[in-house]
Amino acid sequence: MSIERRRADVAIIGGGIAGCAAAARLRREGMSVVLLERGRCGAGASGVNFGGVRQQGRDFAELPLARRARPLWDTLSSHLGEEVEFVASGHVKLARSEADMAELERYARAAAALGLRLELLGRAAVQAQLPWLGAGVVGASLCAEDGHANPRVVGPAYARLARRLGAEVREHAPVRDAARDGEGFALRTDALEVRSRFLVNCAGAAAGRFAAAFGEDVPLAPLVPNMLVTEPLPFFIDRSVGVCGGGIYLRQIARGNVILGGGDGWCDAEGLRSRPLTAASLASMHDALALVPGLAGSHIIRTWTGIDGEMPDRIPVLGWSQTTPNLVHAFGFSGHGFQLGPIVGEVIAELVAKGRSASPLAPFAIERFTAARAPTASPNPVGINP
Amino acid sequence: MADPRVVIVGAGPAGVRAAETLARAGLVPIVLDEAERPGGQIYRQPPPAAARDASALYGFEARKAEAIHRVLDAWPGRIDYRPRTLVWNVFGNRLDVLSRDGHGELSFDRLLLATGAMDRVLPFPGWTLPGVYTLGGAQIALKAQGIAIGARVAFVGAGPLLPLVVHQHAKAGVQVVAALDATPFAAKVAQLGGLATAPRTLAKGLWYTARNRQRGVRAASGIQALRAEGEGRVEALVWRDSSGAEHRVACDAIGASFGLRPEAQLADLAGCRFVHQHETGLWLPERSPEGRSSVPHVYLAGDSASIGGADVAELQGRRTALTMLEDLGRDVDASEAARLDRALARQARFRRALDAAYPFPRHLVDAIDDGEVVCRCEGITAGALRAAARERGADEANRAKALTRVGMGRCQGRVCGEAAAALLAKSTGSDVERIGRLRAQPPVKPIPVVAGAS
Amino acid sequence: MTGLLRRAVERRGADVPITIDGAPVRAKEGDLLITAVLLHRTSLRRFEFGPGERAGFCWMGACQDCWVALADGRRVRACTTGVEPGMAVLVEQGSIAGDRRG
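Chains as they are written, first to last, in my numbering: chain A, 40 to 425; chain B, 2 to 455; chain C, 27 to 128.
Among the hints, erroneous ones may be present.
Stretches of chain B that chain C covers, calculated by requiring three or more beta carbons in the stretch to come under 8 Å of a beta carbon on chain C [claimed, not checked]: (1) 93-103; (2) 197-210; (3) 304-317; (4) 331-340; (5) 369-378; (6) 421-434.
Have a look at the derived ranges for each label pair, beta carbon to beta carbon [what the hints assert, rightly or not]: (7) Asp-432/B to Asp-229/A: 18 to 26 Å; (8) Ile-122/C to Ala-75/B: 42 to 50 Å; (9) His-277/B to Arg-215/A: 47 to 55 Å; (10) Glu-118/C to Ala-293/A: 17 to 25 Å; (11) Ser-117/A to Pro-77/C: 53 to 61 Å; (12) His-279/B to Ser-117/A: 56 to 64 Å; (13) Ser-243/B to Arg-248/A: 45 to 53 Å; (14) Ala-138/A to Arg-83/B: 55 to 63 Å.
Examples of chain C residues lying across from chain B (beta carbon under 10 Å, computed) [claimed, not checked]: (15) Thr-68; (16) Phe-73; (17) Asp-98.
The set of hints was computed from the structure by calculation and includes no laboratory data.
No residue lacks a Cβ here, since even glycine has one placed at the ideal position from N, Cα and C.
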């Protein structure tokens, strides 16, 4: 088989939202880009997640990024030239005990300092504003500007934008090898050899393998969110819903389907195949019904899952490689990367094109997992992490 | 060693004969079926209160139907028959089932999927009007409920079901205003030799056709396009014949569909490999002649593996059960297996001729207007599919589903899948094989959100 | 009220009283819900995503077109559900979903 050869300023492994958004942004910076996606762009974790566009509840390390991402969602459809169905429905995080409520209050106070405005609702306010909730909810924290969108269309739309801007986006092109090549990088798929100056590792659940190829072993574990959707129902759940302590989350779209999740599905050891698990699905049905009694009589018409990547501290790896100049990592979004996707693309492009990002990335440094055995040399002669 | 647990999904001709064969060999197979009574669709039994004479229900096939109905009761304690049970998922060696007792789980050592088929559908303008049903649906209404879908009914088909359904309705006193075949008459003539390899079956088909002609039922072949018209319900059927001329007939119901397609969602969930059958354009789960799927311990028989009709389903049910016994290390009558194989080979010759005599009329959707609904559940139009193919990279079935919602409704693409693939193929200059098929996702049918399920 | 369907075969046996949008109707023992409703009405429910009504399609529980709402909050597939005395079917009054403009 003849091998095609490509050269580009930047090679990107992974065609999820982050990778495709980075490709688009890098094109605007005038850099040439080859993006390699093992399947179809946006069909990995970017496409199978719950669809929450949510700042509330994040680790505070993520809040600056999430705050920076939020305005992008308001204009994302026109930016992409395709409807992403973003709705600022508001997101309520429910307290089912006084301890939960205290936790919500603590979070709200601290989040305010970071610019995130949350409104605390007591029992009466919950009953008045969220009458469709069942008994047992003692309070809630509402983030009015949070919402949801359609994850299945965002990644593909970013891929098309990147292509329109002149990025070479190759699908069905799993990267077999990635290595340093002189000052740059050499990647190999079954039919392609790509040489580049910069390499971006945003390969989702498979990113650990590529990090390891550059001497950076990280504890990235598969995260397999079990998802369900109902038949179309009359619209009555007007906020996106989560609960303290996790366990169940749900949202209703304008067409009427209710999407719900919580619990894990199954994936194989290679991280290629995944299946929803019945026990998790039945538990989610049970929890959803307790939370929203109005779901009684409705039917689940589909369940699914996919494979995301999770870090032990549940925040991503985002930033320069510690071992290899000009290598950027962006993975391990731990089940909540959807809202961040557009800004992660910007951050990647900032690092590559300008050497630094406008966002604080220190908490996401890969060193936090690899420092023990990493060399202490500066990772990047071009720029430094703020 | 404890007896292996063999589970059969489907109590139609294939499942029932497989159960009988296994019971005769000393096993106690579990037979799961959604319906209340055995028979599948072809030999569907009315509810007891609507019972009728077998010859009125099944015509020439009455004896075969009654034989099938009696099988499970003939082995008391030897066949664990569980009607009203939906199998909605299979994963590994485990089935998820829903019955009157609620959600449950059933593990198996060997699994036989005999889940039958449904009508093969193509959309046409007006097909979502009340009063438009599938051809098979019209037959089921008459058989299982003594119901005619209307007082003046037009039928459209692309297979041997058409003359049969017309005959059954005319015999029941229903006025049949048109019997339209969407496949060319010449195709049948060309296949006469092959069709004659099953002379009794051919004779029956010819007899129905002759009877219908005798009754003066208006018939046409090779129709190029059709549409249903009406406000709030069907009022007329308009079609274009093979010469391009347009015709119209007043009617208050239409039974229209174009062959059969396997109900193979459980085979998909079980991990079976699928192949695209060029002769029919159908995606079929890979099945060895002996009945094995590509997944160890999972077997296939009947129309859900490939469309063959009730007689083939019975033969395959028996044959596959022998294969299962053999794989379980039991002694098997080799001459019985050989006899079944020979009978199946004869049937296969006939089936090939039948498939060629009634080629799937995909041309009916090629020129369908952008505004026509293709996905019945979600209301997705032909235009939306074409636009997604042209502008958004929807060059594969599941991608098209993600981008347009086609196949995201309650039926999971059973009704729209064929047409969607045809439209996507046309729009991308591809072919339906490359477009692929929609992946099954559990539950294969809607299941209620229930309390107390954790 | 004339329905969509006709009885081609006379049905003997017990009557089964049901209601459709509150109006009493007599079905027959052995009727499926699709039969019982469409002998008196021309649809089972309004379509969720556009104009028009639905009245079933395949009669075998595959196409999922014949879902119908009952007054007690249940949703059932009319072609695989038998009538029971006292069933209260909502056709015009059935709750529909989301965006009817599609």
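Each hint tested on the structure:
| no. | hint | result |
| --- | --- | --- |
| 1 | 93-103 | violated (count 0) |
| 2 | 197-210 | violated (count 0) |
| 3 | 304-317 | violated (count 0) |
| 4 | 331-340 | violated (count 0) |
| 5 | 369-378 | holds (count 3) |
| 6 | 421-434 | violated (count 0) |
| 7 | Asp-432/B to Asp-229/A: 18 to 26 Å | holds (23 Å) |
| 8 | Ile-122/C to Ala-75/B: 42 to 50 Å | holds (48 Å) |
| 9 | His-277/B to Arg-215/A: 47 to 55 Å | violated (29 Å) |
| 10 | Glu-118/C to Ala-293/A: 17 to 25 Å | holds (23 Å) |
| 11 | Ser-117/A to Pro-77/C: 53 to 61 Å | violated (30 Å) |
| 12 | His-279/B to Ser-117/A: 56 to 64 Å | violated (45 Å) |
| 13 | Ser-243/B to Arg-248/A: 45 to 53 Å | violated (59 Å) |
| 14 | Ala-138/A to Arg-83/B: 55 to 63 Å | violated (46 Å) |
| 15 | Thr-68 | holds (5 Å) |
| 16 | Phe-73 | holds (7 Å) |
| 17 | Asp-98 | violated (13 Å) |
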